[in-house]
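Could you build the full structure based on these sequences and the hints that come with them?
Chains as they are written, first to last, in the working numbering: chain A, 1 to 143; chain B, 144 to 576.
The set of hints was computed from the structure by calculation and includes no laboratory data.
Treat each hint with caution, since some may be false.
[Said to hold, decoys possible] With a straight-line cut-off of 25 angstroms between C-alpha atoms, the simulated SDA-like cross-links for lysine to any residue are:
#1 A:K2 x B:K208
#2 B:K529 x A:L87
#3 B:K208 x B:G279
#4 B:K568 x A:K2
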Amino acid sequence: MKITQISVFLENRKGRLHEVCSLLGDNGINIRALTVAETESFGVLRIVVDKSDEAVALLRENGFVANFTDVVAIEVGDRPGGLAAVLKIFATNDVNIEYMYAFVEKHSDKALLVFRFEDADFAQQVLARHSISVVTRKEIEGL
Amino acid sequence: MIWKEDVECADRAALQVLQSDHLKKLIPYIYHNCPVYKQKLEDAGVSPDSVQSIDDIKRLPFTTKEDMRDHYPYGLFSAPQEQINEIHVSSGTTGNPTLVGYTRDDLALWSDVMARVLCCAGAEPDDTIQIAYGYGLFTGGLGFHYGALEMGLRIIPTSSGQTARQLKIMQDFKPRIIGCTPSYALYMAEEAKELGIDPREGNWRIGIFGAEPWSDSIRQEIEDAWNMLATDVYGLSEIIGPGVAQECQYKDGLHIFSDVFFPEIINPETGEEVAPGEDGELVITTLTKQGIPLIRYRTRDIVSITYETCRCGRTSPRISKIKGRTDDMIVVRGINVFPSQIEHVLVGIEGTQPHYQIVVDRAAHKLDQVEVLVEVEERFFSDEIKHLTELRDTIKKEIQAVLSVGVKVTLVEPKTIERSMGKSKRIVDKRTL
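Structure, rendered in structure tokens:
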């Protein structure tokens, strides 16, 4: 099952990330996972939050460019080689990863990772075939 | 020396007789050879033989850049194609470039007026000139070349760029005269210092600078940096290229060669002539050109004019340095840039036009830098950096292809570009001109 990531365009300007985070914080939206990709002049903030629709509406109202992106959250054994085992499955099954990052907190005793796949549907088929558990939207909201 | 003393120092009455003679021949020539002009003249109710003196010029219709664009490529030509010897092209406001063609006689005219320019700046027949204007479709390089040939100067045709080589050539061949854009003159001074050359010890003593607007404070900077006389040359490709007007050693206005390029200064709103000394749009009629003679061409440059005789002895009217434009054109490294060209590119890439802004700056090294800010919109925003950088690079490549000037493209957040009266401010020019 896919979950929703919010992508936000950010200029490389002092305090800009703070503005996004405090806007979300002031409105009771909790960030569960976060990463920033940057170039020399701009960056893209990618976040997973508990209330996606609300968050995007809020960001747009405040003049940010924000989009929804489908990503997949996967539980990975929190032990040496845990991530490598999953990545090996992707590699041998031609599943391309655009980017990935980790959740802030742990879900049970496993690490929680966010994957942006080139083809999310195909990736999910492969995951199902290999009995790798993905985290549902509901679970994210309840974290 | 004065290259064509008989006309450059003629008294005003004699000059008017000459101008009237030229105009009397020009109008029937255009009427019978250029269907577009025939129509324009008929629309204005002017019969070709009713034009008897230079004062009749006020009854003639204006010609605009749009006329050139609408009748691209050959619609405004009066001479048949087989008589055209040389063609130059400059970028147009949108789509079509501006094309100009010279007959053999037009090239002789160009050589003559450019020889006048060189003499007016102070060149002597045994001088060497380094021509660091671009050679090619741009009229700067070849215009200077023809004038220097006409005058019999020794020519070093370096064209623009390759600064270290420009400086070495200056040191090795000791040309007393340099022609280039004023911003390039300043840039070369900086580069010289970097290379351990003291520009004040350089060989250039006279600079003929043009193709972009510049102020007296830039003149002072150039003169101080190079220990030279910095003079201003004016021209535009539609009229002939460089060679329309030039400052003499007194630097008190640019002598316009009014026996061949008849000037009028008008109120751009009403089209009425303004008094000498008052600012208005410069309108030029090419009295003797054959290839593409232009009647009352609206240059869109704002200047004032004086008819008083100059201390140098020339009686030709003098125009001020360019004080502004009636449109939104800016000049960057000698190249004309219109915001509409950039709009055109953005619409082509995105389907609709995002908000954008052009920032021109003359930073550390004194060469103009152009930055185009484009506001990111949801429809082309992506969570993947590679898509955004691809988009940015495509915009950059296409703008550069249209403008022939290097630009930096920066994607910015929405609403960050300042709006004035609902429309965003298209150009921010931070240069000190």
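Pair hint outcome, K529 of chain B versus L87 of chain A [Cα-Cα no greater than 25 angstroms]: At roughly 22 angstroms apart (the allowed maximum being 25 angstroms), L87 of chain A and K529 of chain B satisfy the hint.
Distance restraint between K568 of chain B and K2 of chain A, which requires alpha-carbon spacing of 25 angstroms or less: Distance of about 43 angstroms is beyond 25 angstroms: violated.
Distance restraint between K2 of chain A and K208 of chain B, which requires alpha-carbon spacing of 25 angstroms or less: Not satisfied, since the Cα-Cα distance of roughly 57 angstroms exceeds 25 angstroms.
Restraint check for K208 of chain B with G279 of chain B, where alpha carbons must lie at most 25 angstroms apart: Between K208 of chain B and G279 of chain B the Cα gap is close to 22 angstroms, so the pair holds against 25 angstroms.
The structure is inconsistent with the numbered hints 1 and 4, although it conforms to all the rest.
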